[in-house]
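Undergrad: Each chain is listed here by its residues.
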Amino acid sequence: MYRIGIDVGGTFTDFTLLAEDSSGSGGTPSFFKVPSTPADPSEAIETGLAQMVDAFGYAPDAVRFLAHGTTVATNIVIQRKGARTALLTTRGFRDVLELGRQARPSIYDYRVAKPPVLIPRDRRFEIDERVTATGEIWRPLDEDSLAAAVDELTAAGVEAVAICFLHSHLRPEHERRAGAAVRAALPEAFVTLSCEILPEFREFERVSTTAINATLGPRMEGYLDRFRSRVAGIGVPVTPYTIHSNGGLMPIETVRAAPVRTCVSGPAAGVVGAAEIGRVAGFPNLVTFDVGGTSTDVSLIEAAEPLFTNQRLVAGYPVKTPMVDIQVIGAGGGSIARLDDAGALKVGPDSAGADPGPVAYGRGGTEPTITDANLVLGRLDPDCFLGGRMTVDPDAARRVLAERIAEPLGLTVERAALGVIRIAVANMGRAIRSVSIDKGHDMADLALCAFGGAGPLHAAEVARECGFARILIPREPGTLCAQGMLLSDISLDFVRTRMCDAMPGSWAEILGLFAEMEEEGAAFLDGEAVPVGRRAFRRLLDARYLGQNFEVSVDVEGLGPDDLADVVRRFHDAHRKEHGYDIRDRAVQFVSARLKAIGRIARADPPEIAGGASVEDAITGSRPVYVDDASGWRSATIYDRTLLPLDIPLAGPALVNEMSSTTLILPGQHARADRWGNLIMESA
Amino acid sequence: MTQASPAAATAPDPDRRLADPIQMEVFSNRLLAIAEDIGQILIRSSFSSNIKERRDCSTALFDAKGRLVTQADHIPIHLGAMIGAVEAILARYPFSEIAEGDAFIANDPYLAGGSHLPDISIITPVFHEGEIRFFAGNIAHHADVGGKTPGSTSGTSRSIFEEGIRLPVIRIARGGAIDEDLLTLIAVNTRDPEERLLDLRTQIGCNMRGGEMLVALVDRMGWAAVEQAIEDILTYTARRLANRIGALADGRYRFERAMDDDGFPGEPVPIVCTAIVEGQSLTLDFEGSGPQARGAINLPDSALKASVYYCVKAVLDPGLMPNQGSIDPITIRASEGSIVNPRPPAAVAGRAVTSNRLCGAVFGALYQALPPEEAMASCNDSTSAVSISGWHPARGATYVYPESMGGGAGAFADRDGMDAVHVHTVNSTNLPAEALELEYPLMLEEYALVPDSGGAGRFRGGLGMARQIRIMADGTTFSARSDAHVVPAPGLFGGRPSSVTRIRRNPGTDAEEELHSKASGLVLAAGEVIRVETLGGGGYGDPGERDPAALARDLAEGKVTRATAERDYGADMVERALRLRAPSRGAGRAGLHSIQEAR
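So the protein sequences, as listed, match chains A and B.
The first sequence maps to residues 107 to 790 in my numbering.
The second sequence maps to residues 231 to 829 in my numbering.
The hints are simulated quantities; they were obtained by calculation from the structure and are not laboratory data.
Incorrect hints may appear among the rest.
[Said to hold, decoys possible] 25 Å max Cα-Cα, derived SDA-like pairs, lysine to any residue: (1) 282(B) - 546(A); (2) 295(B) - 653(A); (3) 282(B) - 197(A); (4) 282(B) - 289(A); (5) 282(B) - 694(A); (6) 282(B) - 211(A); (7) 220(A) - 274(B); (8) 452(A) - 246(B); (9) 220(A) - 644(B); (10) 545(A) - 282(B); (11) 220(A) - 662(B); (12) 683(A) - 438(B); (13) 187(A) - 289(A); (14) 452(A) - 253(B); (15) 187(A) - 780(B); (16) 683(A) - 434(B); (17) 282(B) - 417(A); (18) 282(B) - 156(A); (19) 282(B) - 674(A); (20) 545(A) - 438(B); (21) 683(A) - 439(B); (22) 220(A) - 249(B); (23) 683(A) - 708(A); (24) 282(B) - 558(B); (25) 545(A) - 249(B); (26) 452(A) - 447(B); (27) 378(B) - 650(A); (28) 282(B) - 311(A); (29) 452(A) - 249(B); (30) 187(A) - 438(B); (31) 282(B) - 653(A); (32) 452(A) - 477(B); (33) 545(A) - 434(B); (34) 452(A) - 452(B); (35) 295(B) - 341(B); (36) 220(A) - 779(B).
[To be verified] Okay, the calculated beta carbon distance ranges per label pair: (37) 391(A) - 418(B): 39 to 47 Å; (38) 489(A) - 250(B): 30 to 38 Å; (39) 653(A) - 391(B): 38 to 46 Å; (40) 185(A) - 575(B): 28 to 36 Å.
Keep in mind the model is a prediction, meaning the values are calculated, not measured.
For every residue, glycine included, the Cβ atom is placed at its ideal position computed from N, Cα and C.
Turn these sequences into a full structure, and let the hints steer you where they fit.
TA: Spelled out as structure tokens, the structure:
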């Protein structure tokens, strides 16, 4: 029996294959990587699944679980390749999508434009209808104006229709009637109703999310069909799952209806994986540090739970769905180092990306990158790129750093290269401090969890910059997102807005909403054949003090009709935790009820590993590494991570190599392998 | 105390060689991280939604010479007030009288370099091994500081004494302990003392945290390295700005904008900027600007400076670091007694509109020194603040609903202006209809772009916005602090001017009435309607050079009406445009715009 996780990235598609015996226990993971195929990402998936048969000798028909993380939705938004879409909305409000919140994107730079509107004005149609903020009908839906709009839609030849009326989250009947009329007239069109995709107040964010979902729908359907048939063609008998932005697994049919929920699919899986690995290894409080080719993702994990947010910008457009809260920094292996006209050295945000990539890749890159600097410093082994499958030219890296940075600054090439790294680390450190301080944490109490291809290479210096005492580096960190797929559960989020003062009557009403959502959640889990014993329903209530314009999420798990006092007390506590204070005598207002339906996937506990026989057996050689300007070049021992013995500290300077990454241990730091296959580094 | 007070801060020398560019960049990041951390702690721990949700606050770090070293990226106009407060401290207190654990408070434009009274600065000296090494500063816009009107930003006050409590630079903490007597005195002079107490305590506390972080940084790097890195940062920034100024064509460039009136009905008041470029020096002279206003729209010294620094950064180098190096190379001249340099006790509460109009004048002057293809036509250069208040029957209390509306931005040589945005020193967000209607007995009937509001041109000015509100309860009061009802945004290189802002009561009915930009205290009955339409931005280039396909798209989208198109572009071009099939923008087509990736 096998379980497979797949992460489709911009450059590579990563695989994790877990073999389990028939009782569902045991299990040794294998890792695999193939180049991505951006034109049709499912092609690389098919290639990898096929090649792994030869590489690992698994039987596709014995796969009982397959999940993938995909950037298909994100890329459609970024490249603006969505379907031709129209919008139906309340009379007087067709421009909301274009007006946004009226803030300009950059305070200083007027050439930074708002992203082009998703649906142009001549495909946005107004209907005579109006619901009030209390859910009453102020103006009934005018059937003639609806019919006229539907005629125009038909004439406009659209593939998708977004429908968003004011206050529809309180009273959806007008939206539903409009939806029925559109579906009757355009049976082929992909229709999204705002009351279904996001029944929450604040119209701009809702209409933006609804519009993005509609533009994604037709393209995503095509991709999902190809993906399914390729997986089936290989002989995998199960229906695959997709990771959605909150890190949970989503069945294909749900993705088909709500593709907008997959906008941060891949990165979310990495965070879920890190949280689970940290829980098992005894590091429940982490900052994740995922360094890729063009960017670095940072997020905070508290008590082995990722933090979630309900909103972020995707290519400049607000998307409001539950998501793992990830901060993105424009610094990765491909970030370009440049001297400006006034003599400063800047690293990023411009990136050589995967193509042309660093100068050392010899694919036409002409400006030095972070990866080039690491090669010059001996921190990356030129023979170990992609397990030796890729050749790089460290001399080219050295030449370009000498010419562009070192000579103009009058420095040695090593000092210049280390300077590039130090500046990148200071940049990354700023973002890491920010996610931690924002939630009131002290770095000394957190561990840094480094992954992505280049995370473990910079973790030692980032930990010193920020003051982390310990670093956790999961096995094959370059494929952690694919591993995370195997550690996730099925889930779906529901939300209802009901703004009301915290009173017994309104609490009863909120409980009614929870019951309603739980019924929908149960129906969803029925559809996935999740046994009752594996189900869970999480209840969160967004609330605020009267007069505030921002909400705090309160865990109201297990509270019944008589527990209003407990609800309010939990709100005060949550407010204090989130914002540093509470006001016990101030009136509290309920805003939105959120429910997450979870179906726990049956899986084996992670197996403990035996570890290698001795440190000596794990040594594969040594190499000079430039550690810092004071010590200069030092000989670093090189270890093969798969052969490390358990719990024996390795002293820096050292490098630990594995297929998908290299870990740098600096002088004064020690690292040891734990019994779960992690590397634990003590920073100093 | 052996440390000498700084006699005069030495200006950075752009020709000095940088000692260590790598250390400079690393230190600069660490310093900015501390300024940002102070800001995050302030936002996290404050109480009022003004600070918490609208983030109307800023933080900055100064060295012991009072030179600005870094500012976290928040509100441009706050910069001047923090600089002013630090200058006031250095002028008033010798270092021998400043002790560890002190903190200073200030807000007054005339006594302490403030910008208007609701913006309160807290400045805290940071000691390392007995010497003052830094000043940590933060500033926040408080929802009320007393005065004749709730919110302390009346458009019709005639003197600063009507605008709230005045604070020169004074100590609010000694030996790390807050002066509770003084804090209480300040708080009770405002309309929500509890909120003031909480927010001011937070402001004082987060500077202390910032001070600890600064001390840890000096411990880690050593003072010598820190001192060298500060000099490098200032030198580098001064050199970078000098390079940008040096690239401008030498000369004198004059641009004139105007306020509709001086706060009370009357003639337009000019705001004139002359940019004088000589080699690597830049002078901005406001001679010719109108006299001090009777109303509250005067722009005090620190707000003038902050507006100018904002403009220089925006026009010449948006990535320029805000520090002393970006300030010292600029000379500002404004005659005392003018609207841009008022004498006490002139009222200043409504300075935001004046600041925006002044920025319009500075942009217009600076763009003349740049190649034409880099220029932008005038933006709306305004902001229309309206306030609706009344009795909230469900809450059994009075409510105040404030809204501030932007308009169109100017067109560029290669693209139309942005629609419906705040410009210059304002960048706040709107209140969504669904939030508005839940909070107040009001109904938003329309929120839309205003067709024909952008100036015609080869590229069109951005459109203004309309907001139409239905009053749902009798006895509702309406007031406006608006402008640009008379003076539009001019076009550039043959581009046409924008529309002007209009506020109407009961539009489209027999009772329709056009309101004055400073209409105050109007009492409305249930069922009455207020409609605000803001102006657009100026056009760029001759309308006759517009791409007919772009005009076709505007016509198809209803952003320009046929009648206006025929007037501005001529019947021939409209005919040609209508023969083209209007291509749609948006989804389904690759955009030319920069892309912010999700990952």
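Undergrad: All the hints need checking, so say for each whether the structure fits it.
TA: Hints versus structure:
1. Between the alpha carbons of residue 282(B) and residue 546(A) the distance comes to roughly 15 Å, so the proposed pair stays at or under 25 Å and holds.
2. Annotation: proposed proximity of residue 295(B) to residue 653(A) is violated, straight-line Cα distance about 42 Å (limit 25 Å).
3. Annotation: proposed proximity of residue 282(B) to residue 197(A) is violated, straight-line Cα distance about 33 Å (limit 25 Å).
4. With a CA separation close to 44 Å, the supplied pair residue 282(B) and residue 289(A) exceeds the 25 Å bound.
5. Only pairs whose Cα atoms come within 25 Å are accepted, and residue 282(B) paired with residue 694(A) is accepted, the gap being roughly 17 Å.
6. A hinted pair counts as satisfied when its Cα atoms are at most 25 Å apart, and residue 282(B) with residue 211(A) qualifies at roughly 20 Å.
7. The straight-line distance between the Cα atoms of residue 220(A) and residue 274(B) is roughly 28 Å, outside the 25 Å bound, and the hint therefore fails.
8. For a cut-off of 25 Å, the pair hint linking residue 452(A) to residue 246(B) stands: about 20 Å separates their Cα positions.
9. Restraint check for residue 220(A) and residue 644(B): the C-alpha separation of about 15 Å stays at or below 25 Å, so the hint holds.
10. With a C-alpha separation of about 14 Å, the suggested pairing of residue 545(A) with residue 282(B) holds against the 25 Å cut-off.
11. The straight-line distance between the Cα atoms of residue 220(A) and residue 662(B) is roughly 19 Å, inside the 25 Å bound, and the hint therefore holds.
12. A C-alpha spacing of about 21 Å is found between residue 683(A) and residue 438(B), which places the hinted pair at or below 25 Å, so the restraint holds.
13. Taking the CA atoms of residue 187(A) and residue 289(A), the gap is about 23 Å. The hint holds against a cut of 25 Å.
14. With a CA separation close to 12 Å, the supplied pair residue 452(A) and residue 253(B) stays within the 25 Å bound.
15. A threshold of 25 Å between alpha carbons decides the hint, and for residue 187(A) with residue 780(B) the separation of about 21 Å falls inside it, so the pair holds.
16. Under the criterion of a C-alpha separation no larger than 25 Å, the hint pairing residue 683(A) with residue 434(B) is consistent with the structure, at around 21 Å.
17. Proposed proximity of residue 282(B) and residue 417(A) is supported: the alpha carbons are some 17 Å apart, at most 25 Å.
18. Proposed proximity of residue 282(B) and residue 156(A) is contradicted: the alpha carbons are some 53 Å apart, above 25 Å.
19. Distance check on the hinted pair: residue 282(B) and residue 674(A) sit about 21 Å apart at the alpha-carbon level, within 25 Å; holds.
20. For the proposed pair residue 545(A) and residue 438(B), the alpha carbon gap of about 19 Å is at most 25 Å, so the pair holds.
21. The hinted pair formed by residue 683(A) and residue 439(B) meets the criterion: a straight-line CA distance of about 18 Å does not exceed 25 Å.
22. This hinted pair does not check out: residue 220(A) and residue 249(B) have alpha carbons roughly 40 Å apart, beyond 25 Å.
23. A hinted pair counts as satisfied when its Cα atoms are at most 25 Å apart, and residue 683(A) with residue 708(A) does not qualify at roughly 34 Å.
24. A hinted pair counts as satisfied when its Cα atoms are at most 25 Å apart, and residue 282(B) with residue 558(B) does not qualify at roughly 33 Å.
25. The suggested pairing of residue 545(A) with residue 249(B) is violated, with an alpha-carbon distance near 37 Å, which exceeds 25 Å.
26. As the CA atoms of residue 452(A) and residue 447(B) are separated by approximately 22 Å, the hinted pair is consistent with the 25 Å bound.
27. Proximity of residue 378(B) to residue 650(A) is assessed by CA-CA distance (about 31 Å); at most 25 Å being required, the pair is judged violated.
28. Distance check on the hinted pair: residue 282(B) and residue 311(A) sit about 20 Å apart at the alpha-carbon level, within 25 Å; holds.
29. Taking the CA atoms of residue 452(A) and residue 249(B), the gap is near 16 Å; set against the 25 Å cutoff, the hint holds.
30. Under the criterion of a C-alpha separation no larger than 25 Å, the hint pairing residue 187(A) with residue 438(B) is inconsistent with the structure, at around 50 Å.
31. Between the alpha carbons of residue 282(B) and residue 653(A) the distance comes to roughly 12 Å, so the proposed pair stays at or under 25 Å and holds.
32. For the hint linking residue 452(A) to residue 477(B), the alpha-carbon distance of about 22 Å falls within 25 Å, and the restraint holds.
33. Proposed proximity of residue 545(A) and residue 434(B) is supported: the alpha carbons are some 20 Å apart, at most 25 Å.
34. For the given pair, residue 452(A) sits about 24 Å from residue 452(B) by alpha-carbon distance, which is consistent with the 25 Å threshold.
35. Simply put, residue 295(B) and residue 341(B) have alpha-carbon atoms about 20 Å apart, close enough for the 25 Å limit, and the pair holds.
36. Annotation: proposed proximity of residue 220(A) to residue 779(B) holds, straight-line Cα distance about 21 Å (limit 25 Å).
37. Separation of residue 391(A) from residue 418(B) is about 43 Å and conforms to the stated range, judged on CB atoms against 39 to 47 Å.
38. At roughly 34 Å, the beta-carbon separation of residue 489(A) and residue 250(B) lies within the given 30 to 38 Å, and the hint holds.
39. Distance hint check: the CB atoms of residue 653(A) and residue 391(B) are about 29 Å apart, inconsistent with the given range 38 to 46 Å.
40. Between residue 185(A) and residue 575(B) the C-beta distance comes to about 58 Å, which lies outside the given range of 28 to 36 Å.
Hint violations for this structure: numbers 2, 3, 4, 7, 18, 22, 23, 24, 25, 27, 30, 39 and 40, all remaining hints satisfied.
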